[in-house]
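Got chain S; can you put chain U on it based on the hints?
There are 2 protein chains.
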Amino acid sequence: MEVESPNHQEKSRGWFKSLSEKLWSKMDDFVRRLIKLGKDDPKKIVHAIKVGLTITFVSIFYYFDPLFDGFGVSAMWAVLTVVVVFEYSVGATLGKGLNRMLATMVAGALGIGAHRIATLSGHTGEPILISVFNLIVAATVTFVRFLPKMKARYDYGLMMFILTFCLVSVSGYRDDEVIHMAIKRLTTVIIGSCASVIMCICIWPAWIGVDLHNQIATNLEKLGNFLEGYADEYFKVSVDDQDGRSKDKSFLEGYKSILTSKNSEETMANLARWEPRHGRFRYRHPWKQYLKVGTLARECAYKIEALHSYLRSEIQTPPEVRNRIVEPCTMISKESSKALKELATTIRKMTRSSIPDIHVANSKAAAENLKSILKSGLSKDVDLLLVVPAAATASLLLEIVTCTEKIAEAVHELESRARFKRAKPRVIPDHQDDSSHHQLDQQGITNGSHDHHDDYVITIDGNGYSSNQVVPASRNHV
Amino acid sequence: MEVESPNHQEKSRGWFKSLSEKLWSKMDDFVRRLIKLGKDDPKKIVHAIKVGLTITFVSIFYYFDPLFDGFGVSAMWAVLTVVVVFEYSVGATLGKGLNRMLATMVAGALGIGAHRIATLSGHTGEPILISVFNLIVAATVTFVRFLPKMKARYDYGLMMFILTFCLVSVSGYRDDEVIHMAIKRLTTVIIGSCASVIMCICIWPAWIGVDLHNQIATNLEKLGNFLEGYADEYFKVSVDDQDGRSKDKSFLEGYKSILTSKNSEETMANLARWEPRHGRFRYRHPWKQYLKVGTLARECAYKIEALHSYLRSEIQTPPEVRNRIVEPCTMISKESSKALKELATTIRKMTRSSIPDIHVANSKAAAENLKSILKSGLSKDVDLLLVVPAAATASLLLEIVTCTEKIAEAVHELESRARFKRAKPRVIPDHQDDSSHHQLDQQGITNGSHDHHDDYVITIDGNGYSSNQVVPASRNHV
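As they're listed, the protein sequences go chains S and U.
For the first sequence, UniProt numbering gives the first residue as 1, with consecutive numbering after it.
For the second sequence, UniProt numbering gives the first residue as 1, with consecutive numbering after it.
In isolation and in its complexed conformation, chain S is listed as follows:
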């Protein structure tokens, strides 16, 4: 027994030690993650401080006697409103604030009405009638909340409507000054909402419209990044055989986030509609057009997902077959990449440009070239099974050309609907006789704002093409 006792003690000590070590490592992990979050996005720290400051500011109503005398305990509603309404983005905060204020106002008025009607039926009938009103209003509005359109924009307002209606009508049973109470509630809700909105907009605001704008541009860039490196990757792996696999291939995975971005884009567009004019985003900015571009980008990402799977395909097409299509395939992927990246720059800088069109035209020409190569047959002696991945790749690249063209069209529609600026025109004397060339030069090649654009354009004559030949861009721009 004497031996067991210290053993037991040791055991429990060990247990305690391992528990505390576990807790410690969990805490450590938690803090590390918080620090990483703060470093990655300092704006989130600022948001947290903004929320704290607003709550502190609003609670002053409670501390100062002259203010407190006006509101009484209702002053608490202002603090509550700030906690609930203050969101990270301006759109979400404004949306919630407006929803809450409007709902409180309408529901408060209706609640007073319901209370008045109920009092007519005497002290016993009043609670019964109010209960019936509450049941009907709560059930109806809860059901309306299921409508997708309502859910997207007014969900919070409808919830607040039920809340305020029940609050005001029920309170009336104990508190005869129902109108006074409803007004106090409305005032404090307005104070809380306005404090949140003002704080949210005035100090380093996070516009969700800007986030959506940038995300769409980033998505196009990610597609471009994949296509830029894809052809090299695909054709090199077969030629050099497993060589260079150690280098960074993250650009090949970037597009994956686009595959599932639909919901977040839709939420962002819904919230962005609440935001007032800011920066170069006007009132009634065409947010829906961003969703259109986003959808097309996603369709392109699906094709890229299929393309990506052939990178890891077990069946490897023999080099002699690949070598026949390497040129047009590389061309398509490079030119589509450039087109997508230029479109991303167009969106990011909000400046119209026709450089993307040039790259789209180039990629289309390369596609025609690829088709003609395929038409002439690749190599008749090779077994078709080995050709399948190459054929599928070629076919997908052809589809990506179509996709890129559609994206370009959608971005051009966005340009005109959002009234993007034109790049500064520069007069080129040589071309003054030809107005269409002239215009193209104004917007396109001479546009100084593009970074990624290599300054050569490929001419296409018939089926073949010669690279690195510098010609005026307008020749290819049909």
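Bear in mind the hints are in silico, worked out from the structure with no lab data behind them.
The beta-carbon is built from N, C-alpha and C at its ideal position, and this holds for glycine as well.
Heads up, a few of these hints could be off.
[To be verified] Think about it this way: if two alpha-carbon atoms lie no more than 20 Å apart in a straight line, the pair counts; the simulated PhoX-like pairs of lysine-lysine are:
hint: 1; chain 1: S; residue 1: LYS149; chain 2: U; residue 2: LYS22
hint: 2; chain 1: S; residue 1: LYS151; chain 2: U; residue 2: LYS43
hint: 3; chain 1: U; residue 1: LYS292; chain 2: S; residue 2: LYS256
hint: 4; chain 1: U; residue 1: LYS149; chain 2: S; residue 2: LYS39
hint: 5; chain 1: U; residue 1: LYS151; chain 2: S; residue 2: LYS36
hint: 6; chain 1: S; residue 1: LYS44; chain 2: U; residue 2: LYS151
hint: 7; chain 1: S; residue 1: LYS256; chain 2: U; residue 2: LYS262
hint: 8; chain 1: S; residue 1: LYS151; chain 2: U; residue 2: LYS44
hint: 9; chain 1: S; residue 1: LYS149; chain 2: U; residue 2: LYS26
hint: 10; chain 1: U; residue 1: LYS151; chain 2: S; residue 2: LYS43
hint: 11; chain 1: U; residue 1: LYS256; chain 2: S; residue 2: LYS292
hint: 12; chain 1: S; residue 1: LYS236; chain 2: S; residue 2: LYS249
hint: 13; chain 1: U; residue 1: LYS36; chain 2: S; residue 2: LYS151
hint: 14; chain 1: U; residue 1: LYS149; chain 2: S; residue 2: LYS22
hint: 15; chain 1: S; residue 1: LYS44; chain 2: U; residue 2: LYS149
hint: 16; chain 1: S; residue 1: LYS39; chain 2: U; residue 2: LYS151
hint: 17; chain 1: S; residue 1: LYS26; chain 2: U; residue 2: LYS151
hint: 18; chain 1: U; residue 1: LYS149; chain 2: S; residue 2: LYS26
hint: 19; chain 1: U; residue 1: LYS149; chain 2: S; residue 2: LYS36
hint: 20; chain 1: U; residue 1: LYS256; chain 2: S; residue 2: LYS256
hint: 21; chain 1: U; residue 1: LYS288; chain 2: U; residue 2: LYS262
hint: 22; chain 1: U; residue 1: LYS39; chain 2: S; residue 2: LYS151
hint: 23; chain 1: S; residue 1: LYS151; chain 2: U; residue 2: LYS26
hint: 24; chain 1: S; residue 1: LYS11; chain 2: S; residue 2: LYS22
hint: 25; chain 1: S; residue 1: LYS149; chain 2: U; residue 2: LYS39
hint: 26; chain 1: U; residue 1: LYS262; chain 2: S; residue 2: LYS262
hint: 27; chain 1: U; residue 1: LYS256; chain 2: S; residue 2: LYS262
hint: 28; chain 1: U; residue 1: LYS44; chain 2: S; residue 2: LYS149
hint: 29; chain 1: S; residue 1: LYS149; chain 2: U; residue 2: LYS36
[Claimed, not checked] Not everything, but these chain S residues come out facing chain U in the computed CB check (under 10 Å):
hint: 30; residue: LEU53
hint: 31; residue: PHE64
hint: 32; residue: VAL79
hint: 33; residue: VAL82
hint: 34; residue: SER131
hint: 35; residue: LEU259
hint: 36; residue: TYR302
[Unchecked claim] Sample of chain S residues lacking proximity to chain U, with all beta carbon distances greater than 12 Å (derived):
hint: 37; residue: HIS8
hint: 38; residue: GLN9
hint: 39; residue: LEU98
hint: 40; residue: ALA109
Same frame as chain S, now just chain U:
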């Protein structure tokens, strides 16, 4: 002037008429949509009524004097809690309710502590110290809310934490009975939350776990539906040329919803974890495994998306080439379809089955057959451009076979982790000498629960295969 006046009146009358007509049509549209919503899902109507009843029930605390005397105006918090906590699904309601109760308890206690410390610094120092506390707590917790893990499960609780902490600590300045207030708040919150949870669970509950379970099964069915009709569609369009386009093709579009289902599945899995044991769903049901199956289904849907695009391809492969691959392609798509549908049935009925494995084996055999046909070459005289879509289709079908196999594996893991029942064994005398065949028959072919399974299995000998030949399934099950 006399002429203009009636004209003006008429104009304003016309304007008023058109406005009222517009309003009327909008209202009409709104009501129609509500009715459609109710018809499509009567459970939503029931939910709305449940919310109304719970609110009415909780407001009784306000009407009855003995109950009101205990809580006073705080009784209002119970109504408020019901409005905010009561969600459609049990998981969401329980999650919010538990979050709210726990947060109110912890934050209430901390708030009282903060108030006590603050009172030590005198009447002037108190508000300053409380403000500092509030600032620190609100900012820290708001920042913690950004952590993805916290956001997924405890977002509402963290918000309630800030709210209650501020409420209790600030109220302490005017109300000396802080402890009493905190307890009243906690009690009313508990009453509201419990009323919501009980009502939500007891009357026609909507388990989000069941929804996730069914959605995953439906997704597999949708993939199966596409593949079932795909081959007929693809090969018929070329042979009959545009014939039969008028018939219902909705099965070809069903898979599209899977492409973007990631977010909703993740949310559902997060909420399902809150739900207690119900029906055949135990405590610690492997919800994450559903997400795994869902992800694989999505990968398969990406391939199907690519496959779908070839249905509308401009380039049509000549019939003589198509005819060479029509058999194995049809076989792959039909057998994969059956496998996926059987997997869906397995999930839906929560009964283990090895029928899917048989179909997977069949589709793999067909894939080998397709490969050997491709190896022998399709038709050397045809231009390769026309072969590309067929080759790409074949290649995608080969990948779908791999995908289906992966899905089958994931579903089998789900079966064992969620402890699905085995189908009732039935002894077949002919096979009693071979235990592995015997077992297969027990689970597979003789399982009476499958509806979609045609009772023949295809034998594979070498590269070729003969269809419609009835053999014991176990022969193909490697």
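Now the hints, each set against the structure:
Among the hinted pairs, S:LYS149 with U:LYS22 is consistent with the structure: their alpha-carbon atoms are about 19 Å apart, no more than 20 Å. Restraint check for S:LYS151 and U:LYS43: satisfied, since their Cα atoms lie roughly 17 Å apart, inside the 20 Å limit. With a C-alpha separation of about 16 Å, the suggested pair U:LYS292 and S:LYS256 falls inside the 20 Å cut-off, and the hint holds. Distance check on the hinted pair: U:LYS149 and S:LYS39 sit about 18 Å apart at the alpha-carbon level, within 20 Å; holds.
Under the criterion of a C-alpha separation no larger than 20 Å, the hint pairing U:LYS151 with S:LYS36 is consistent with the structure, at around 16 Å. Note on S:LYS44 and U:LYS151: the hinted pairing holds, with a Cα-Cα distance of about 14 Å set against a maximum of 20 Å. Note on S:LYS256 and U:LYS262: the hinted pairing holds, with a Cα-Cα distance of about 12 Å set against a maximum of 20 Å. Distance restraint check for S:LYS151 and U:LYS44: the Cα-Cα separation of roughly 14 Å lies within the 20 Å cut-off, and the hinted pair is therefore satisfied.
Distance hint between S:LYS149 and U:LYS26 is fulfilled; the C-alpha atoms sit about 13 Å from each other, no more than 20 Å. Of the supplied pair hints, the one linking U:LYS151 and S:LYS43 holds, its CA atoms being roughly 17 Å apart against a limit of 20 Å. At most 20 Å may separate the alpha-carbon atoms for a hinted pair to count; U:LYS256 and S:LYS292 meet this at roughly 16 Å. For the hint pairing S:LYS236 with S:LYS249, the CA-to-CA distance comes to about 14 Å; that is within 20 Å, so the pair holds.
The suggested pairing of U:LYS36 with S:LYS151 holds, with an alpha-carbon distance near 16 Å, which does not exceed 20 Å. At roughly 19 Å between alpha-carbon atoms, U:LYS149 and S:LYS22 fall within 20 Å of each other, so this suggested pair holds. Distance hint between S:LYS44 and U:LYS149 is fulfilled; the C-alpha atoms sit about 16 Å from each other, no more than 20 Å. With a C-alpha separation of about 19 Å, the suggested pair S:LYS39 and U:LYS151 falls inside the 20 Å cut-off, and the hint holds.
Distance hint between S:LYS26 and U:LYS151 is fulfilled; the C-alpha atoms sit about 17 Å from each other, no more than 20 Å. Between U:LYS149 and S:LYS26, the direct Cα distance comes to roughly 13 Å. Compliance with the 20 Å bound is thereby established for this hinted pair. As the CA atoms of U:LYS149 and S:LYS36 are separated by approximately 14 Å, the hinted pair is consistent with the 20 Å bound. At most 20 Å may separate the alpha-carbon atoms for a hinted pair to count; U:LYS256 and S:LYS256 meet this at roughly 17 Å.
Between U:LYS288 and U:LYS262 the CA atoms are separated by roughly 13 Å; this keeps the pair inside 20 Å, and the hint holds. For the hint linking U:LYS39 to S:LYS151, the alpha-carbon distance of about 19 Å falls within 20 Å, and the restraint holds. Restraint check for S:LYS151 and U:LYS26: satisfied, since their Cα atoms lie roughly 18 Å apart, inside the 20 Å limit. Distance hint between S:LYS11 and S:LYS22 is fulfilled; the C-alpha atoms sit about 16 Å from each other, no more than 20 Å.
Distance restraint check for S:LYS149 and U:LYS39: the Cα-Cα separation of roughly 18 Å lies within the 20 Å cut-off, and the hinted pair is therefore satisfied. For the proposed pair U:LYS262 and S:LYS262, the alpha carbon gap of about 10 Å is at most 20 Å, so the pair holds. Straight-line distance between C-alpha atoms of U:LYS256 and S:LYS262 comes to about 12 Å, which keeps the hinted pair within the 20 Å bound. Proposed proximity of U:LYS44 and S:LYS149 is supported: the alpha carbons are some 16 Å apart, at most 20 Å.
Our distance criterion of 20 Å between C-alpha atoms is met by S:LYS149 and U:LYS36, whose separation comes to about 14 Å. For S:LEU53, the suggested interface contact is upheld, since its CB lies about 7 Å from the closest CB of chain U, less than 10 Å. Nearest Cβ of chain U to the Cβ of S:PHE64: about 9 Å, under the 10 Å cut. The hint holds. Evaluation of the S:VAL79 hint against chain U yields a held restraint, the C-beta minimum of about 5 Å falling below 10 Å.
The interface hint given for S:VAL82 is met, as the beta carbon of that residue sits about 9 Å from the closest beta carbon of chain U, less than 10 Å. With its C-beta approaching chain U no nearer than about 5 Å, S:SER131 sits inside the 10 Å limit, and its interface hint holds. With a least beta-carbon distance of about 7 Å to chain U, the hint placing S:LEU259 at the interface is held under the 10 Å criterion. The criterion of a C-beta within 10 Å of any C-beta in chain U is met by S:TYR302, whose closest approach is roughly 5 Å, and the hint holds.
Listed as a non-interface residue, S:HIS8 keeps its Cβ farther than 12 Å from every Cβ of chain U; the least gap is roughly 32 Å. Taking the minimum C-beta to C-beta distance to chain U, about 33 Å, the non-interface status of S:GLN9 holds against the 12 Å cut. Residue-level check passed: S:LEU98 sits 19 Å from the nearest beta carbon of chain U, beyond 12 Å. Annotated as non-interface, S:ALA109 keeps its C-beta farther than 12 Å from every C-beta of chain U; the closest such distance is 18 Å.
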